[in-house]
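There are 2 protein chains.
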Amino acid sequence: MSKPRVAIIGAGFGGLTAARALANAPVEVTIVDEANHHLFQPLLYQVATGALSPAEIARPIRAILARQANCEVVLGKVTAVDTQQRKIEFHDGGLRNDSLPYDYLIVAAGARHSYFGHEEWERLAPGLKTLQDALEIRRRILMAFEKADRETDAAAKAAALTFVVVGGGPTGVELAGAIGEIARHLVSPGFRNISPSEIRVLLVENAPRILLSFPEDLAQAACESLRRIGVEVLTGSLVTGIEPGRVLMGDRAIPALTVLWAAGVVASPLAKSLGGPLDRAGRVMVNKDLTIPGQPNVFVIGDLACFTHQTGHPLPGVAPVAMQMGVHAAHNIVRACDGQALKDFHYLDKGNLATIGRAAAVADLGKIKLSGLVAWIAWLAIHIFFLIGFRNRLVAIFTWAWTYVTYDRAAMLIVGSDPSSAPPS
Amino acid sequence: MSKPRVAIIGAGFGGLTAARALANAPVEVTIVDEANHHLFQPLLYQVATGALSPAEIARPIRAILARQANCEVVLGKVTAVDTQQRKIEFHDGGLRNDSLPYDYLIVAAGARHSYFGHEEWERLAPGLKTLQDALEIRRRILMAFEKADRETDAAAKAAALTFVVVGGGPTGVELAGAIGEIARHLVSPGFRNISPSEIRVLLVENAPRILLSFPEDLAQAACESLRRIGVEVLTGSLVTGIEPGRVLMGDRAIPALTVLWAAGVVASPLAKSLGGPLDRAGRVMVNKDLTIPGQPNVFVIGDLACFTHQTGHPLPGVAPVAMQMGVHAAHNIVRACDGQALKDFHYLDKGNLATIGRAAAVADLGKIKLSGLVAWIAWLAIHIFFLIGFRNRLVAIFTWAWTYVTYDRAAMLIVGSDPSSAPPS
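Residue numbers (this note's numbering), protein chains in the order written: chain A, 5 to 429; chain B, 5 to 429.
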């Protein structure tokens, strides 16, 4: 008798953890992802701001799973799930349509940016989800400095040196903090015609305060840290329009060449093809055992899942939730294979961290709340610990230490060009 | 009285060395390059084959020259030189047209691939000159393995696993050697459906032997090293056509999905606008003092210059030639500022090196000829020594040691997509 086939869609924190948790199970696993690498997303903003290189925060999925004999890796973009026929449809690395049958399915396809119905803003204000996004954001930031360095018109120069980050969650705070650091330390030696004081970094948040997922005192500490490194925090400010060269907030227009989006995410459109009920953000309402209603062999985990059973609120879209769900779904599949009943999922909250620039962070570890340098060191230690691959850990430690001491960001390279603008002839 | 203005076109080995040699001269220097980084080209094939990351072999030009008070850096693509008006025309980082007057000019714009009149081959067989080229070649190599892993048709699988490198100079030898290494060590754990023995790497050279710039016995040693790691060397073979999926050599057609071009270079088209005589490869025939006929304030150096005065043959397009020329042109400008006569250039040949895969190389150091492991260690030491930036040297040493011991190529990431093919709907 052949072993049950488990298909996993997505090799992010959730999918990859599930695959590893099935290493010794009597099943055949196939993991499908549209990228060839697993990405350590919490450090993606470091690639966007030129402190780290892509290879330092990503690792080929095949390399991670090379020694797991029961797991096959497929490069492909899943387009639909057919729960009737129990198969997934995808197009593969050669860009041909293909399908894969399954006995059990784990959907960990994640989320992407939401522009709240203004998809036309995406081109003007890119978000940060993939390595490609990070390199595009890096290119825009560096090209803005290059443009400002040669700009003779004062208003155009001011717009080139204004960076607006929309969204005051952890990603927005980290991104704004990192750009603030660049402004203070990197620009002065390299660009002769730019003074650090000319650079404006704005963090715009619709809610009354930033870091809504953190306690208020920590959010306040983060806000002060941001202001110390020159980031202007605009809370209670709704972005009503993004146009080339400016951001609109009601009657107010801020001229800015570089606008970055960290305001919201929406679940992968794959959620719809599963056929179950979705929440407002398009996430799949999962059962207590992480299956979906009517499909006891289909599990949905990570950012794609809306799990409200524990607190009444959905669990946040962070790596620890996805990883714990991945292990739980894997164990439930093993139970199902044995004919045992599935168990309910319980999330163990170990805390919440966000970093602000070079030596400041906030940490909410339940009873313990940290801010400043101590929180930053905790942030560094935890992130290095969870970086996949021993080599990556060594290189990241070295790179951080180097950057910390010398302010030298090695990866400040512009590779690629803006496809939308051709040079004048 | 204002200081003389020196414009330098290109921040490769020649231009950058010239800029640094003018650090203490009573001149104002402006260096213009279309990339924001200086690239250590001898290691570019390592980026293409996933062993190194872009940031490990490149450094922002602004960072390199940050402490040189008399030098300004401009990101721009030079489109023409107007020797009458003594100015260069370029479009800048904001993609606007601009111009820059000069008193002295150093043209170090380098060379690019030549397809010998078959420019339509470029799309099918990319060459290796920029970081972007390297990332595109990496993407093609990795996508070929991905395609082969899921291919059920035997002929199509064989074509996906055939890699043809056209051109048996040092770049072609290094590229073929590195792909041979990948075939043997990287593929087996990661790709379940590919056996290393199915992979073919062909090095095609029109001349009767490879490495024409090296002595015959060293070329023979290189050839044997290549064969040992499974690279088929086809000498005396002229490529007569490149079509999607195959390479033609006379009547013979080799089905191959991945074709890489290392066969020839042609000088930057900027050479034409200088108005002097050019050689067959489009290089500028320079005077003994590196100026061009009739323009005693215009110097041409590096791959763009055809300097035949010493041996009757043009000096080769390698980094040591460009760097020595850069220093010489800088010193001649200082002499001219002082009203002294210009001196003639003499190239001091320190040797010639090429590497083949993991632990083999050939070195022609005049009286001493090395091959095998000793030459490889010499190659490694010299390349690390000349890598710009102390951090880069440390990281490169670490990465090599790591790769050598573990066969783990960290940078095997596919970033970016093939713009010419859209997924099927």
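If you are wondering where the hints come from, they were derived from the structure by calculation, not from laboratory data. Possibly wrong hints are sitting among the right ones.
Just so you know, same-sequence chains aren't split out, so a pair can sit in one copy or run between any two.
Computed list of lysine-lysine pairs in DSSO-like fashion (alpha-carbon distance at most 27 angstroms, straight line) [what the hints assert, rightly or not]:
id : residue 1 : residue 2
1  : Lys161    : Lys91
2  : Lys91     : Lys347
3  : Lys7      : Lys133
4  : Lys161    : Lys81
5  : Lys347    : Lys7
6  : Lys276    : Lys354
7  : Lys276    : Lys161
8  : Lys371    : Lys161
Every value quoted in this text rests on a predicted model; they were computed, and no experiment measured them.
Now the hints, each set against the structure:
1. With identical chains, the CA atoms of Lys161 and Lys91 are at most 27 angstroms apart between copies only, with a shortest distance of 25 angstroms across copies and 55 angstroms within one.
2. With identical chains, the CA atoms of Lys91 and Lys347 are at most 27 angstroms apart within one copy only, with a shortest distance of 25 angstroms there and 76 angstroms across copies.
3. For the homomeric pair Lys7 and Lys133, neither the shortest alpha-carbon distance inside one copy (35 angstroms) nor that between copies (49 angstroms) is at most 27 angstroms.
4. Proximity of Lys161 to Lys81 under the C-alpha cut-off of 27 angstroms is restricted to the inter-copy arrangement: shortest distance 21 angstroms between copies versus 42 angstroms within a copy.
5. For the identical chains of this complex, Lys347 and Lys7 are intra-copy neighbours only, at 22 angstroms inside a copy versus 80 angstroms across copies, given an alpha-carbon limit of 27 angstroms.
6. In the homo-oligomer, the alpha carbons of Lys276 and Lys354 never lie at most 27 angstroms apart, since the shortest distance is 31 angstroms inside one protomer and 66 angstroms across protomers.
7. In the homo-oligomer, the alpha carbons of Lys276 and Lys161 never lie at most 27 angstroms apart, since the shortest distance is 45 angstroms inside one protomer and 35 angstroms across protomers.
8. For the homomeric pair Lys371 and Lys161, neither the shortest alpha-carbon distance inside one copy (47 angstroms) nor that between copies (58 angstroms) is at most 27 angstroms.
Comparing the model with each numbered hint stated earlier shows that hints 3, 6, 7, 8 do not hold.
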